[in-house]
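6 protein chains.
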Amino acid sequence: MRILLVNVNTTAAITAAMVEQARAVAAAETEIIGLTPSIGATSVEGNFESYLAAVAVIDVVQSYKGPYDAVIQAGFGEHGREALQELLAVPVVDLTEAAVLLAHLLGHRYSIVTTLDRTVPLIEDRLKLAGLDAHCASIRSSGLSVLELEKDEERTTKAIVAQSVRAVREDRAEVICLGCGGMAGLSTAVAMGAGVPVVDGVTAGTKLAESLVALNLSTSKVRTFALPRTKTVLGWPLH
Amino acid sequence: MRILLVNVNTTAAITAAMVEQARAVAAAETEIIGLTPSIGATSVEGNFESYLAAVAVIDVVQSYKGPYDAVIQAGFGEHGREALQELLAVPVVDLTEAAVLLAHLLGHRYSIVTTLDRTVPLIEDRLKLAGLDAHCASIRSSGLSVLELEKDEERTTKAIVAQSVRAVREDRAEVICLGCGGMAGLSTAVAMGAGVPVVDGVTAGTKLAESLVALNLSTSKVRTFALPRTKTVLGWPLH
Amino acid sequence: MRILLVNVNTTAAITAAMVEQARAVAAAETEIIGLTPSIGATSVEGNFESYLAAVAVIDVVQSYKGPYDAVIQAGFGEHGREALQELLAVPVVDLTEAAVLLAHLLGHRYSIVTTLDRTVPLIEDRLKLAGLDAHCASIRSSGLSVLELEKDEERTTKAIVAQSVRAVREDRAEVICLGCGGMAGLSTAVAMGAGVPVVDGVTAGTKLAESLVALNLSTSKVRTFALPRTKTVLGWPLH
Amino acid sequence: MRILLVNVNTTAAITAAMVEQARAVAAAETEIIGLTPSIGATSVEGNFESYLAAVAVIDVVQSYKGPYDAVIQAGFGEHGREALQELLAVPVVDLTEAAVLLAHLLGHRYSIVTTLDRTVPLIEDRLKLAGLDAHCASIRSSGLSVLELEKDEERTTKAIVAQSVRAVREDRAEVICLGCGGMAGLSTAVAMGAGVPVVDGVTAGTKLAESLVALNLSTSKVRTFALPRTKTVLGWPLH
Amino acid sequence: MRILLVNVNTTAAITAAMVEQARAVAAAETEIIGLTPSIGATSVEGNFESYLAAVAVIDVVQSYKGPYDAVIQAGFGEHGREALQELLAVPVVDLTEAAVLLAHLLGHRYSIVTTLDRTVPLIEDRLKLAGLDAHCASIRSSGLSVLELEKDEERTTKAIVAQSVRAVREDRAEVICLGCGGMAGLSTAVAMGAGVPVVDGVTAGTKLAESLVALNLSTSKVRTFALPRTKTVLGWPLH
Amino acid sequence: MRILLVNVNTTAAITAAMVEQARAVAAAETEIIGLTPSIGATSVEGNFESYLAAVAVIDVVQSYKGPYDAVIQAGFGEHGREALQELLAVPVVDLTEAAVLLAHLLGHRYSIVTTLDRTVPLIEDRLKLAGLDAHCASIRSSGLSVLELEKDEERTTKAIVAQSVRAVREDRAEVICLGCGGMAGLSTAVAMGAGVPVVDGVTAGTKLAESLVALNLSTSKVRTFALPRTKTVLGWPLH
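Protein chains in written order, with numbering that gives the first Met the number 0: chain C, 0 to 238; chain L, 0 to 238; chain V, 0 to 238; chain H, 0 to 238; chain P, 0 to 238; chain U, 0 to 238.
Simulated from the structure, these hints should not be mistaken for laboratory data. Worth double-checking, as some hints may not be accurate.
The list cannot tell twin chains apart, which means a pair is met if one copy fits it or any two copies do.
Straight-line C-alpha distance at most 20 Å; calculated SDA-like pairs for lysine to any residue [what the hints assert, rightly or not]:
no.	residue 1	residue 2
1	K127	D170
2	K220	L115
3	K220	A188
4	K230	S144
5	K220	R171
6	K230	R22
On a predicted model such as this, the values are computed, not experimentally measured, just so you know.
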């Protein structure tokens, strides 16, 4: 089984880190291919960057020429998953929904700890659209930007644990989701610090993608995600 | 006052038709400038096309060099409004919210009559995100594509009236919103046929944009729509 | 175009102040006529006073003999808008919905800052009925009664700004609505103090009423707001 | 124990019929006093009539001079209950909430069968405000006006049963509430026809009022229903 | 009229205390029979104990041989009410819904003060299923276990009052519900301390059960609570 | 990895069929152990049977003596999952949530096709509690009882396909979930008939249980699912 893991930003080091996490939990027979878009921001932390990432992700996936069985859109709170679902025959999994879906199996309510305060409303919106917001206790910001996450792992872990503890005590969360692909690899440390299960979207997405392929399930092609109608599209592909 | 009306698709004839409608209701001192993107589908009727339109709209607005006081994103159910709000200092109005906001002032519940069945979930999603779905009685498809709307005005009107009448009788709507920018100009005929007020997003958006400018109100710059942080963005602008 | 602006309370000075605000933003060709009921409380701050205002407003509007194009019910959180909509052919705009509708165009969530704590549940109820509560971050009380608002503008502004700042920081509001007709005129000062857009219902209502008239839109007459059936009504009109 | 049962309309025959029903289920020591307002419509079937009834009900209750232990506002879907709660120290029960509260104890979902189609949105609004709409399967109109209900009991029963049966089959209701005070007395016949429990607001309200008095419970006086502040109220009382 | 009051736990002293409270408010002609299950935990404070109580309650009710008119399931937040409703012809009232239903008649929002923090999610779930959560301001834990409640009435009252006061001030509750059958008897003291009406589920349930019997109303037998189909059930009854 | 698959009813043939399905999709290194309770109904189709199953499932799991890594509660719409989560250290997956969670990844809305009409409200309740009802288009009954499902596979498939097709056309579902453990094995045939992806809870549950174990994730032990407090439990275990 071959799974494409597509970063939403243009920083290849983050792609590499996420691929490493995915491989760590993937089955022996699963191949993880990392893709980095050639268009867009080095880190996605807002609406403009997210919309641009949506089309950049499509662009880089469509330019991949080999066969593949599933796609993981490796961004948290980003736009674009619906377009991939519409264009592709194989299943598409986004980190946001992947993390949150597994969180539903682990406790009564979950919280998300993310990067900057400004990304909170984007995640809220994604949860609402996904119909997965009813059990969300809170979305908390760690105050660290995507690129700062990588710089000092100890500081990063501490900041995420601090918000996780508050989510459990003040917001009544029982499970924490790591709210950024760039946090991949911190789940064990955060779980130890916070005393609750911690779900990482990259590893969650990997297992869910594998599960869908194993069950021979893919996106429904009636209505919302039917293939686009044939028409003239100017300036596409972008690259 | 100068208002940019940006089409979401690349068909200039639709831009022209919408500009004509906007001018018909604008104040004497309001100048309406129509913009047509150079990238994207000739008509937007799905997720991929909508996401591409989101960035194409930003691209064409950013390449407009003169001053302006407000922007109307002239698409119904399309993505992208949040990115424009984030990037611009002036107010941004989308047809979907414009039509639906005025509908709230006219009756207990409203319905939307749109083009193809596949666009219904996109509109549902936009209403949910806008927090304006509580009074939505239904979203009905006329069965006509965006480009078919223009071809035979009588058939188009008949199809929209038929769905409007069903919305009033079966879904308990009291107001109808025209669910496509390409329907601009049909509101009077549909209102006569359906016996209820009919709101057209283009004219609603024009008056709302004028109102915001007159009241000196624009997008809040705290949190969700704060300017993007300074960072490297590869491949932008697109054109 | 002639718009009736009907105060919900019997204090003529408040009517005069609201009319002044309305005129400041109205188009040159719009005439604003202020009406003050002859029945009811000098300030409306509770359920009994609000219900009495509802019928007093109808009474004073029906006793106005000239032609008019729209009615603004100038109260925040008050009952009665539905009855006016039922009785009249012209559009009716209430300050609560007017302010909140425009707030939807300006940010992800809005808060309302009102007078006394006891009026908060009334406003909550009006938002819920209007289907406009989904994006409401909070309704905060300034602790000042309607009549106290007028006494010391500096103190009033300070109290409203203080709650607005808390709404932005603690409740995650991005836009503030002034929650009392008697606050008309303070929006600029509050916006400067709070650092976010501030919507005033009187000016919002004026522009929305003008917009509806310009678009030839009025209340739907099917079902909810159909004219009352012909029947004996004892003791009416009240005056 | 003395309970005032206040009709919302000015037709004394309906007051008498409701008092008769209330007495049929009241405890031996409960005295039911019927009150008919001197102001308002002979039957309440819309927003204007309902708002007028709200103040007429207050007016007639305040003019009652003896002691009493509870008040039943005997209208379905009408405004005004909150004002009575604010003004009085004794508990206030409205037929709408009374019927629906008991329905919650009897099945998974309930429907309401009411008079004219135009009253359906009013009832919807009251349920939403009462926070009791989650288990409402539907509100169906019998097509009969309030005054027609009395004219031909067989026809009335048949019309209500017909809608009740459709509510059970099509809307998945398991309990029916009679949606008009004027339907008092028909619950047994409708229950036999529809095959499900049928709750009548008049008898439900009577038992709930008795229960509150027996438990020494009355309206909370913090915040929403605190006594009105002392102020000048012009033209009050109305009579 | 004979009402069975079935404790959900196996502590007979709690049954006795609840029966005493029920008798204190029951009509003269109402007989209250207390039942204590022979299976299950001495106090129910979690999911396992609650599910076991659900079947233990059925077991003890089915082993009661005399006639009866209604059953009160005397637990707060416990499972099992639906099964009793399915099996029995007479009405079944659970303390959770009983308290909360009456609270709806007394104020704009209510809070519940219960025992341990771990029972809060169970109560949340019961309210959600009952469709009665919209007006719930908060569910607060007193920090006392079920069996601790009985030990020191002064300490217990103080702990409940403290949370009630916070519910009124911080959560905007206007009514308090005692969230445990073991709190029966404290409502007057808590009401005095908190300054708002306090509803006790045992007395509320008693009056509601009496009301349903008086109105000849019982559980609907269509669909959800239809009698079980005839089939082999191994190991039943349990005792 | 060893997973216990616990049937909710006492029919061993259904256990065997579900184990076969689970094994068909499980990884090579996963061992599936089927358990059948010794207490309860031969098929679970209502509230009493479901509550009894809840404790019977606990009873049989606790009597299993070997080690295991996860438990699948193999019933659709049944009670009891929370109690298992509370008692066990390993993850617990219920068929209802398993099917529905995967459905969220496959389309905009999903429907469930189940057995008898009377089980529909139970499934509704489970979805509501799980916070997974927002994207549920409908729950439809096939009209076949659990034990009838096995008798004539062709008739069963036809009945499920018929309801699936109506769910897609009338309720706007894009994905179907098989709403009974006894339907395991029919997903391919139903998918072909209905033209949309079909999720079977048994296979979905198997892959989700494997995923949680692989990710080292299990039930949060703070608050809702903390181990029961130490106390006397009469009559337990049941067997």
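Cross-check of the supplied hints:
no., hint, in the structure
1, K127 to D170, "both (18 Å within a copy, 18 Å between copies)"
2, K220 to L115, "between (36 Å within a copy, 15 Å between copies)"
3, K220 to A188, "between (40 Å within a copy, 17 Å between copies)"
4, K230 to S144, "between (40 Å within a copy, 12 Å between copies)"
5, K220 to R171, "between (39 Å within a copy, 13 Å between copies)"
6, K230 to R22, "neither (39 Å within a copy, 30 Å between copies)"
Consistency with the previously given hints fails for number 6 only.
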